[in-house]
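**Q** The chain contents come next:
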Amino acid sequence: NAGVIQTPRHKVTGKGQEATLWCEPISGHSAVFWYRQTIVQGLEFLTYFRNQAPIDDSGMPKERFSAQMPNQSHSTLKIQSTQPQDSAVYLCASSLGGGANTEVFFGKGTRLTVV
Amino acid sequence: GDSVTQTEGLVTLTKGLPVMLNCTYQTTYSPFLFWYVQHLNEAPKLLLKSSTDNKRTEHQGFYATLHKSSSSFHLQKSSVQLSDSALYFCALSDYNVLYFGSGTKLTVEP
Chain H
26 NAGVIQTPRH KVTGKGQEAT LWCEPISGHS AVFWYRQTIV QGLEFLTYFR
76 NQAPIDDSGM PKERFSAQMP NQSHSTLKIQ STQPQDSAVY LCASSLGGGA
126 NTEVFFGKGT RLTVV
Chain W
17 GDSVTQTEGL VTLTKGLPVM LNCTYQTTYS PFLFWYVQHL NEAPKLLLKS
67 STDNKRTEHQ GFYATLHKSS SSFHLQKSSV QLSDSALYFC ALSDYNVLYF
117 GSGTKLTVEP
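Heads up: the protein sequence lines correspond to chains H and W, in order. So for the first sequence, the numbering used here puts the first residue at 26; every next one is plus one. So for the second sequence, the numbering used here puts the first residue at 17; every next one is plus one.
It is possible that some hints are incorrect.
Derived BS3-like pairs: lysine-lysine, alpha-carbon spacing no greater than 30 angstroms straight-line [unchecked claim]: (1) 103(H) to 87(H); (2) 31(W) to 87(H); (3) 87(H) to 40(H); (4) 93(W) to 133(H); (5) 61(W) to 36(H); (6) 61(W) to 84(W); (7) 61(W) to 103(H).
Since the hints were made in silico from the structure, they are not lab data. Keep in mind the model is a prediction, meaning the values are calculated, not measured.
Take the sequences, apply the hints, and build the full model.
**A** Written out as structure tokens, the structure reads:
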């Protein structure tokens with residue numbers, strides 16, 4: 026079990042460019058989550074899929090951010106027209122989806138730097 | 017809505033001393049609380065969890081007790097080690113999603 030895999034580990038984009046971040050959840054996990062980590066805000070929830078269906082995107086900035094899960098083995102987070110304030114570590118996580126007491130496993134994250 | 021508060025942003029201690037990291041929460045549901053630890057350049061990992069009122073839960077020398085009366089789930093250790101230097105996050109589950117506090121950076125010095 027390789028855990029949650031995120032690629033790339035580091036990404037540098039110019040202001041205004043698009044950034045796509047990739048996540049491969051643990052095989053057999055039905056729930057996939059995206060979080061954003063910054064020093065100031067800590068870990069912020071962005072969005073959540075269950076069995077590939079989007080369930081809750083209440084944490085997603087409404088403009089420029091989108092997430093998809095085209096199959097059970099990967100999810101993507103896309104940021105259009107990146108801005109310096111988008112610089113952060115983006116974490117993907119997965120779980121068996123068994124409710125509140127279910128352990129959530131995180132990837133090591135993608136560090137996005139917008140210059 | 018659900019929220020988690022961690023009051024200490026930075027804690028620096030000498031090896032061998034005890035530590036307590038504060039965590040309080042607000043929720044309208046029955047609470048499920050978690051502590052996650054993140055070492056430098058690593059993924060956050062579950063340290064311990066609880067949903068049982070007034071019952072101490074322990075793992076790797078760390079312990080915490082959920083107190084519903086005070087909405088608290090403070091993390092403690094009796095003697096910190098250099099390897100405990102990390103970011104510690106308290107989190108609350110709403111049955112689907114984990115909501116995290118802002119985190120506490122613990123630095124243990126020789």
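**Q** Indicate, hint by hint, whether the structure satisfies it.
**A** To see whether the hints hold, each was checked on the structure:
1. Between residue 103(H) and residue 87(H) the alpha-carbon distance is near 12 angstroms, which keeps this suggested pair within the 30 angstroms criterion.
2. Restraint check for residue 31(W) and residue 87(H): not satisfied, since their Cα atoms lie roughly 46 angstroms apart, outside the 30 angstroms limit.
3. Distance restraint check for residue 87(H) and residue 40(H): the Cα-Cα separation of roughly 18 angstroms lies within the 30 angstroms cut-off, and the hinted pair is therefore satisfied.
4. Between the alpha carbons of residue 93(W) and residue 133(H) the distance comes to roughly 26 angstroms, so the proposed pair stays at or under 30 angstroms and holds.
5. For the hint pairing residue 61(W) with residue 36(H), the CA-to-CA distance comes to about 23 angstroms; that is within 30 angstroms, so the pair holds.
6. A threshold of 30 angstroms between alpha carbons decides the hint, and for residue 61(W) with residue 84(W) the separation of about 24 angstroms falls inside it, so the pair holds.
7. As the CA atoms of residue 61(W) and residue 103(H) are separated by approximately 25 angstroms, the hinted pair is consistent with the 30 angstroms bound.
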